[in-house]
Structures are given as structure tokens and as C-alpha cells.
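J.: Using the sequences and the hints, build the whole thing.
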Amino acid sequence: MTATGIGAPVRRKEDFRFVTGQGQYTDDVTRPGETRAVFVRSPHAHARIKKIDVAAAKKMPGVVDVLTGAQLADDKVGNLICGWMIHSKDGSPMKMSAHPALAASKVNCVGDAVAVVIAETLGQARDAAEKVVVDYEVLPAVVDPAKAQAKDAPQIHADIAKNTIYQWHLGDQKAVEAAFKAAKHVTRLDIVNNRLAPNAMEPRAALADYDAGNDHLTLWNTSQNPHVARLVISAFVGIAPEHKLRVIAPDVGGGFGSKIFIYPEEVVCLWAARKVKRPVKWTSDRTEAFLTDAHGRDHVTHAELAVNADGKITALRAKTIANLGAYMSTFSSSVPTYLYATLLSGQYDIPQIYCEVDAVYTNTVPVDAYRGAGRPEATFVVERLVEVAARQLGLDPAEFRKRNFIRNFPHQTPVIMAYDAGDYNASLKKAMELADVKGFAKRKRESARHGKLRGLGYSTYIEACGIAPSQAVGSLGAGVGLWESAEVRVNPTGNVEVLTGSHAHGQGHETTFAQLVSERLGIPFDSVSIVHGDTDKVQFGMGTYGSRSGAVGMSAIVKALDKIEAKAKKVAGFMMEAAEADIDFKDGKFTVKGTDKSVAFGDVALNAYIAHKFTGAELEPGLKETSFYDPTNFTFPAGCHICEVEIDGETGKSEIVNWTAVDDFGTVINPMIVEGQVHGGIAQGVGQALLEGVVYDASGQLVTASFMDYTMPRAHDLPSFHVGLTETKSPSNPLGMKGCGEAGAIAAPAAVMNAITDALGTEDIAMPATASAVWSAMQRTPPKAA
Amino acid sequence: MAKVSMTVNGKAVTGDVEPRTLLVQFLRENLRLTGTHVGCDTSQCGACVVHIDGVAAKSCTALAVQCEGQSITTIEGLASDGKLHPMQEAFRERHGLQCGYCTPGMIMAALDIVRRRGNELDEHTIRDQLDGNICRCTGYHNIVKAIEAGARAMAK
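From first to last, the protein sequence lines stand for chains C and F.
Using our numbering, read the first sequence as starting at 9 and increasing by one per residue.
Using our numbering, read the second sequence as starting at 118 and increasing by one per residue.
It is worth saying that the hints were derived from the structure and are not from the lab.
One or more hints might be untrue.
Using 20 angstroms as the maximum straight-line C-alpha spacing, the simulated SDA-like pairs for lysine to any residue come out as follows [claimed, not checked]: (1) C:K139 - F:R137; (2) F:K200 - C:K103; (3) F:K262 - C:V665; (4) F:K200 - C:R19; (5) C:K103 - C:H177; (6) C:K21 - F:E206; (7) C:K21 - F:K200; (8) C:K170 - C:Q157; (9) C:K597 - C:K661; (10) C:K661 - F:D248; (11) C:K21 - F:D198.
Covered stretches of chain F (in silico footprint by chain C; criterion: 3 or more residues with CB under 8 angstroms from a CB of chain C, positions within the stretch not fixed) [as the list claims (entries may be wrong)]: (12) 118–125; (13) 175–183; (14) 219–227; (15) 240–249; (16) 265–273.
As the structure is a prediction and not an experimental result, all values here were calculated from the model.
We put the beta carbon where it would ideally sit given N, CA and C, even for glycine.
T.: Structure (C-alpha cells):
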């Protein structure tokens, strides 16, 4: 390992600009003549728009224009779409309602935009927005997914009966029923996976600039995947053809999934910029973010686990209602189906699995992928079932897990996935040692002496990352391929630019990708720069989500580097008058086998461009290669997280006193960055388990629409984490990587809730396990004295 | 419009602003010092922390006109001649940031913790004192380590 190569904890290239305040986020970008947009949003969850009067608003100081949904429809601006087709069990396609960027006739959730005010300043736009008069006929609303399909539930979209988008299933229902009939023991759980707000710290923003001379639009936006945004805005919304639209996602302040999707505001800014012939900027405030960023999770599930007399799991079944909100967001349909039910085997050898999922509309913000996306929901179902089953059977939860672990690879689960590599026992064993599980009983007694209840919870999770083989996801309904692209440009002076279709919004790609290139080409780390996030610079790429930038994005770079090396060998051959086959490349030097001849990488780069040593007939000048890498399989990061909590018996307040995470991410490029990803994921998972939850009242008002009302994890809510690694390389990509971005968020909720229920001695508590919720649980079921 | 003058990062500045202009808007839009960020509307997240006369303050909660004649330090005012302040260096060295959006506020808040609590800070104190700053990326683990190390380095 070199000091800056693969495996080294290299300090990040991007940090100098961030710690000095020189990052360039979308709201930091300005254009001459820029105007500001403020949206007029529905205060009602469900209402008909009878009339919109913009006359008074238009007369307000500084107002450039006020635009409504009716004008958007007149201009034939297309609807936003969901790009993953799911078919119901009866074979019918999912029922997607129209989603206009501005509502013209009806609003379906609080925050639905009905008009936009464009003004010289933000203050003027805000003042004028208050003068837009909208006459609503308020309709009854439904917010609870479990009630959305009821006969008397309000119908949200006229063309969609019972608010039901699809009724999907996966697995062999009959075989599962037979396994349950034969089971010695059945564990049953009702689970609510609480609804979350992603809350990247940088609010979403869009700046649209129209160049009338060239009939060309540029959009700066907070996107995890600018090319996909351009594709959707061009091909479906129809704002401008792809070659007339440039999308730039500069520094982006966190995403966690919420910035994958194509949102109404960026469409409206583009449309408005062309209409008013001025640049139009919109920046979300935090309450708008709560009202418009796609939320995550929101599942209601009944799940059952069948166990035989030997303590072996024989079957699992789950029935889930997934809330997709008022409209279908970009990838929402895939989250509670192929990203959820396909992971219900967990780390266990379960012969039969059956899962039914009903996806429903409600009068709430759309729900889509949020860190983990379906896989945290699956892990929560599996890990709570396994834990409770062990307790009911009087078995040690770790022993019960071990007894059921998959041990041979590749392993085909009954729910599509073929796990390629792993060693689940190794991560469990290492985590138990690091967490000092042996000393837990003593610590529990000590806590009891101080009036505290102590509990320990495991979560042996699995996820499917490296999303994904295009043909495979195409056969499951994806509207796009999920490969990644890379272009490696070696400059004549020997330094290198890598243009990647991946997008970084906190992950440190500028560093990890450069580590790979530096090691492979034997050039200094500082001689490599990574370019991303601009459709004019970078060829089409699919972007960053689902922990795919390592396994897929870096694989594309490897493929391009292979081509660079092959071409450079040809150049070196001409330089040293040797056959290409006799050229070796190592540590930045090309040598001729059996001789002491050598040339450095930089000399080869220069010679590739000056082209003095070969003719154009013999070799094309230049040293630049591109690649498109399509993965052969998903990757399967897995590991064991152990949470130890101490609960105040008087107040119900939980404190996490110890957190141990042992993860298998395959090859790790930069352990410092990987650990950081694990920390952040755990924090979000702990947030879900202890603090966070989106709350709507029965009328559809969002009660938790600010940081005053929605509890974000703060520094004093969390401990320091003990993080370790095990390694089995993924055989499915050239570097053996699996992905690390979502693991913590996937593992953590079950670990916390298994610890809390262990401490309390009751399973009767839901997330978030706030002090109030724990206190109430203790009143319902008084804990036994330790 | 109101006229306002103050010192920002050691330089005298003036501006014509609407009286309702927040300090953070004045810094970002009038002075183009975009290192100070806005992450919420309720003074909860701390992305906008600057120093007013040497004391940490949320610049989303002060009007620009309230700062007449005062001395403001922003994240852009910490490094000198390309050399990072020890607290900036500690955040870089300890991987105390990921997306970078909360980072300027975190660093400015950290300096105020050092001002109030000294250079030897334990984990509990740091976590407690960071109550006014939210980070969604790091889980705070490395921020806490960075502040501990940065505070020590400042004593040297």
C-alpha cells in the first residue's frame, strides 16, 4: 500500500475549500439579472382549486411575473413521472396519476404548489406570494396508509380506485403456507416503519438561466444525478431537448436519496426562466423542505416467521402497506418492492419467503428512497422477527442467528437475490468481542443498582448495493439502465482528469477516486483531479445512490484505466522500439522485458500527444479513454451492529452507552472515509429509532415541519462509535468493493429496538422510542426487576 | 432602505439594505461571503454561525442593521495567507466533515466553545455545547474528535 493508494486513510482533497467557506453550492451561484422565485403552496391537504387571483400580486413592488398551473398546462409542460414500472399480482400495470409541476385544478397534499411569483428580490417575491388569492373547496383527506384503501376513504385521484397504486407480491405463497402449517413455532409481529424526513443540511435549490441567442437552458440544481435529471426534464417534461439543456450539480450539501428525484421546482424555474427571459433562482427554506422533499419509509407491516423443532427458520411472510404519498415520485414504486422484499432473507438460509405489498396514495408528501431505501425496512422486519423468535424460544439471540446463517456462497435466496460472498459468523463474532457481550450481564446488574434498565440488541443486516445490472433491473421494471460511465483524460504533461458519472455530495469521491488512479498509474495523488456533476463536461452517467459509486462508478474508472494502460503500452513500444507485448507497466514506469530500458508515464503521455514516434497510420495520437461499466450482479455488504442502551426507569429516557459496528464492505479504498460513512448512517438509523418521525394530523396538516418540531439527532444524542471491519471481497466487480454508504442506516434501527425491548422485557413499543413512548410502554408492561 | 456599516473579517464595509435584511443575507448576498450557510428558518441548525464582536451568533437571527458598528468574523476570515486556522486544520485532519454544508457553522461554534471552556475539552462537554449545531452526515463522531484536537492545537 502506498501512502495515497488503495487502503490508505488519505485526507480529503475537497476539504480545503469546505473548511475555508469556499464551497460552491447551488444557492452560492448567481447570474447577472437573476430573479427570485417563491412558490404559493396549498395550506390544505386535499382541495379543489376553484379560482386563483394573481392581479394584486402582480401589482406588488418588484414583481416580474406570477405564473399558475393553468399557464403551465397551456404551455404543454409535461407531468413528472415515476420511472419504475411495477405490475400487480393480477398482471395489471401500476396506476400512476398525473403529477403536474404546478397544480391547476386540485391539490393533494399540504405544500402542493399552485403558483409561482418571480420578483427582483426574495423579500419582494415573498410579499407578493402572500397577495395571491386562491379559492379552495376543501375535501376530506386521508393520511394513514392503513386507512387509504377503506371504502369510505376519500379518493385522491379520480382515475385510481381505492387509492391503490399496485398490489404486488413476490415468492411462492403456497409453499410458504405449507411451511407455516408444518412449523413448530410461529413468531408474529405488527410493525410500523416510521415516516422520516431526509433533511440534508443544504436545502434544495434551482437556478435556471435561459440563453435566448442559442435557445439554450442551463440549470444549476442540488442533484445526486444531473444526467438523469436532464433526461427526465427533456424526454418526459419536455422543457427542452437534451442537447439544449445543461444541468450542473455543483457542491451538493448532502442528499441521502432526497436529491435523486426530479422535483416540480426545478421544472418551474426552467419554464419560468424562458418565459421571463431572466435567470430564476429558487432556494427552499427548511419548512418548504419538510413539505416538498420526498420523505422516506412509512410502511405498515404484519410479518411472521416459521421455525422448526431444531430452531431452524423454515419460512417468512410479510404483508406490507407502503405509503407513497400524494404523487408517485421518480423511483418510489421500486422502494417497497424490489429494494425491500428481495432482502427479506437477511443473512439467513430461509427456504421459503412470501411478501405482499400494497402501495397507496395518501394526502401526504410523496415518499421515495431515503438512505437504504427499502433495505432498512426489510432489515427491521427480519431482525425484529429473528430477535423476538429467539426470545420466545428461550434461545440466545446470537446463537439463534448463527444457527440460521447462510454459510455457503453463492447462495440463491427465494426472493431473487443471489448472494455472492460473505462471512456472517465472522462479523458477528468480531462484534461480540468488541462489544464485550460476555460482560453485559455484569453491566446490567450495575445499571439496575442505579435504577436503570440495560438492554443489548443485535442487528445482523444485509443489503444489496452496487445498483445494478441493467438487464436484470430492466426485467423488473426499471425504466433506465444502472451502469456507470467514466472518462480518463491523461494530459500531455502527465496529470490526469477523471470525468465520472457518479456524483459526490459528501462521500469524498475526489479523494477515493484519485487514490485509485494514483495507485494504478503510479502518479502523484495531487496529479489527479476528479470532475463530476456537469452534463456539458461529463458524458452520460447515472449518478450516486444505493452505495453504487465504489462498486459501479469506480469499476467504470478501472475499465477506462485498463484501456489507458493498453494504449500507453503501444506508445511506450514505439518510444523504446519494442513490441507492445514486451512492455510491462509498474509503479508509473514502462519497461521492456529482459532489458533495462524504461520510460516514465509522463514521457509516454507527452509522446502520445506530440506523436513524433509513430505515424497516424500506426496509432491514433492522444491518451484519453472512456468506458461504460454495467455490473454483473448486485453487491451484498453485510455485518453486525450491537447496541447497548441504558434506560432511566423513572423518565423512560434511553441513552446509547455503547455502539459496535463490524461491517464487511469488501475492499476498502479509504478507511477514514468509510468509517465516516458508517458513523453517519448509524446516526440516521438511531434518529429513526429514538427521535425522528414525521407527524400528520388527521386533516393532513404536517405537524413536524421545522427543526423545532422534528427531532434531528444532535451531538449529545449519540455516543462515539466502535467501528471494525471484516473482509470478503465481492467477486462481482474488479476491485472487490461492496459499498458502505447505507449500512449504518440499515442496521441501526433494529439494533436499537432490540436493545430497548431487551431492557424493557416487552415487544410492545414502536419507533421512535422517545422517552415518552418508553415511559408509556413501562406503564403498560412494568419491567421486571433485574 | 437603511445604511449599515460594520467591519467584516477586518475590512470596513457599508451597504444599503432593506431594514428587514438578516445579517446572513447581508453577508451572502451583499458581500458575496457565501461560506456562511442557511440550513433552517428557526435558529436551530447553526449553519449560519458567525462571530459578532468575538462571540458566536446565529446570523439568521440578527438583522444587518443591528450589527451597525460591530465587528463580524465569518469562516472566510479564519485562514491567513492560505494557512488554515488550527480548528480548520483539525476538521480536515480528523475527517470532521462530509458534505461541508454545516462545517463553517460548526467551526465557528467550536471556536466559541474554546473561548468559553478553554483548550482542554472532554467529549461530554463538546457534545453538550454543540446543541445548537446540526450535522446530518457525520454522526458527530469525528466532529467531536476534531474539536477536541483543534482546541488543543490552538493552545500551542
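J.: The structure should be examined with respect to each hint, and the outcome stated for every one.
T.: Outcome of the hint check:
{"no.": "1", "hint": "C:K139 - F:R137", "in the structure": "holds, 19 angstroms"}
{"no.": "2", "hint": "F:K200 - C:K103", "in the structure": "violated, 58 angstroms"}
{"no.": "3", "hint": "F:K262 - C:V665", "in the structure": "holds, 18 angstroms"}
{"no.": "4", "hint": "F:K200 - C:R19", "in the structure": "holds, 16 angstroms"}
{"no.": "5", "hint": "C:K103 - C:H177", "in the structure": "holds, 16 angstroms"}
{"no.": "6", "hint": "C:K21 - F:E206", "in the structure": "holds, 13 angstroms"}
{"no.": "7", "hint": "C:K21 - F:K200", "in the structure": "holds, 15 angstroms"}
{"no.": "8", "hint": "C:K170 - C:Q157", "in the structure": "holds, 5 angstroms"}
{"no.": "9", "hint": "C:K597 - C:K661", "in the structure": "violated, 61 angstroms"}
{"no.": "10", "hint": "C:K661 - F:D248", "in the structure": "holds, 18 angstroms"}
{"no.": "11", "hint": "C:K21 - F:D198", "in the structure": "holds, 19 angstroms"}
{"no.": "12", "hint": "118–125", "in the structure": "violated (count 0)"}
{"no.": "13", "hint": "175–183", "in the structure": "violated (count 0)"}
{"no.": "14", "hint": "219–227", "in the structure": "holds (count 4)"}
{"no.": "15", "hint": "240–249", "in the structure": "holds (count 6)"}
{"no.": "16", "hint": "265–273", "in the structure": "violated (count 0)"}
Violated hints, in rising order: 2, 9, 12, 13 and 16; the structure is consistent with all others.
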